[in-house]
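Colleague: Below, each chain spelled out in residue letters.
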Amino acid sequence: MLNYVLSRILTFVPTFIGVTLISFGFIRVLPGDPIIVMAGERGLSQERYDQLSRQFGFDRPIYSQFWDYFVGVLHGDLGISFVTKKPVWDEFFALFPATLELSVCAMVFAVVLGLPAGVIAAVNRGKFFDRALMSSALVGYSMPIFWWALLLIIVFSGNLGWTPVSGRIDLIYYFKDSTGFMLIDSLASGQKGAFTSAVRHLILPSIVLGTIPLAVIARQTRSAMLEVLGEDYIRTARAKGLAPVRINGIHALRNALIPVVTVIGLSVGTLLAGAILTETIFSWPGIGKWMVDSIFRRDYPVVQGGLLLIAVMVMIVNLTVDMLYGVINPKIRKR
Amino acid sequence: MADTSVPAQVEQRPDRLREFWFYFRENRGAVIGLWIFVVFAFLALFGPWIAPHDATLQYREAILKPPAWQSGGSWSYPLGTDPLGRDMLSRLIEGARYSFFVGVIVVSIAASGGIIVGLIAGFAPKWVDAVIMRIMDIVLAFPSLLLALVLVAVLGPSLVNAMIAIAIVLQPHYVRLTRASVMSELQKDYVTSARVAGAGMLRLMFITVLPNCLAPIIVQAALSFSTAILDAAALGFLGMGAQPPTPEWGTMLAEAREFILRAWWVVTFPGLAILVTVLAINLMGDGLRDALDPKLKRS
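Sequence order for the protein chains is H and X.
At position 331 of the first sequence (counting the first as 1) the number is 331 in the UniProt record's numbering, and the numbers step up by one without a gap.
At position 95 of the second sequence (counting the first as 1) the number is 95 in the UniProt record's numbering, and the numbers step up by one without a gap.
It is worth saying that the hints were derived from the structure and are not from the lab.
All residues carry an ideal CB built from backbone N, CA and C; glycine is no exception.
Careful: at least some of the hints might be erroneous.
As the list claims (entries may be wrong) - Rough simulated footprint, nothing fancy, chain H against chain X, three-plus residues with beta-carbon under 8 Å:
| no. | segment |
| --- | --- |
| 1 | 41-49 |
| 2 | 125-139 |
| 3 | 198-208 |
| 4 | 223-237 |
Just chain H, with the same shape it has in the complex (with noise of 0.2 Å):
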């Protein structure tokens, strides 16, 4: 088991060394000088040109750069943004919360309504509702989630004005945001409809970020029920005598979950992916709208600084997930 943790850590290494190369490559072959693009219209003077160009290190050759560059990554130094003079550092992990506590929702969405529309879908096999589940289950997969969410902005903002458009929270509250939640903060606050306000605004975008995981999760919770529910130790419970409900909820589906655990785990990429695209539309202040915008306001240390962490982030959890699979799956362990 050991042999099996290490060889995976050591497998983590090369790949970060590579992802840190990769991000630091960009900044590199973006078209435009960096220097000048920070200056913006005003323009710069020679002088001041080849002090910021020392101050950066551009001079120097870019094996060394390199090399800066990655000791500062081990120390957390991720330089500094163009536009808003902060670390990246601190700047990502402020806005972190946000993200974070979207793709929670999102998840807990995805997998309380994907796990039994899945269960439900094996059990009934081949009848009227694994065929209705499974088909939209098709259409949640295949679905432009950009699109989805200006449906929902047009039918329960526009059309019924039941959820606000845009935000985490309405602006006639204020507090200090000592965790970054703002469903924990909100609550803290103890200000009347804080929370229901913090609530409301969750709602439309972690169905949005949450409608292809749930897709996902109810499609392989089903192909995985399918299979348990033909082994002996299934067949031997029925003849038992065991209520179907214990069977399918108990005996199938703690089986059936490993698969199931995987591809949740796996999907922190599709969340952070999605998280761009609804992040933008309802000006959701996380990652994904701070990558677009940076990218747009060619804001270099941050695209890289991001991308790194982003990447790094995936990284760790698909480590984790690997090694937890081993541990529940020793078969896997042999390989």
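Chain H is fixed; fit chain X onto it per the hints.
Modeller: Below, chain X alone, put in the same frame as chain H:
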């Protein structure tokens, strides 16, 4: 015995096709998907001759006209007009062209590149394989849309660059898939016997092994066709794909965003076009998988 073996060999190919169609037809959804895809491809190929209007022509007297069946609409603009007075139906038909084009090009680049790299990884010595797979891990570590977005920012926003970016992002899936099937095929006796018979490396790779690895790759190609369309539309929506006035579906949606509460049709139809196309291709992909690759069959 010798008499029957020769005609059997000749008949093998049509038999295989018929067998494929037999299984494919079983899946009703897949057949529906196939028909929708045929219509989509037809529109893409012959769009300019079918569309009632020029996709970029602006009718100043008919701005934001609702669809024909609503009051105020007219049958000369069946699906209404956009904020610049362009016919929605014609723009959607023209948009099919871009999406089809994106799908075909992206899948061709990603699949051919991925297959070659995957074959090399499968056949090459272990360290080359390890290096290739680590590089693919690196590409896969980035959320695909984010990587495509940054790549397009590097290359400059345009449809061609969006296609290149999406192809790069999709490629590792083909590499992994090809390598995995090559590895399992290499264990088999027919490969050993081909080797003993003196087949060269290239012959082994492309003629002996590759045809037997194709089933999962074809399924992947169908599925990534829809991913390519979705991602290209998403990039267009974010302003990093096709640029206005190109009637690409995602770009059309981005242009229509500010009118969502005033004119539902400028928002609804382009998205519906994306959804129906992607759905049809995914349905088809499911059917292909069931027909080509019984091992992967879900139920």
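Colleague: Does each hint hold? Answer for all of them.
Modeller: Hints, verified against the model:
{"no.": "1", "hint": "41-49", "verdict": "violated (count 0)"}
{"no.": "2", "hint": "125-139", "verdict": "holds (count 4)"}
{"no.": "3", "hint": "198-208", "verdict": "violated (count 0)"}
{"no.": "4", "hint": "223-237", "verdict": "holds (count 5)"}
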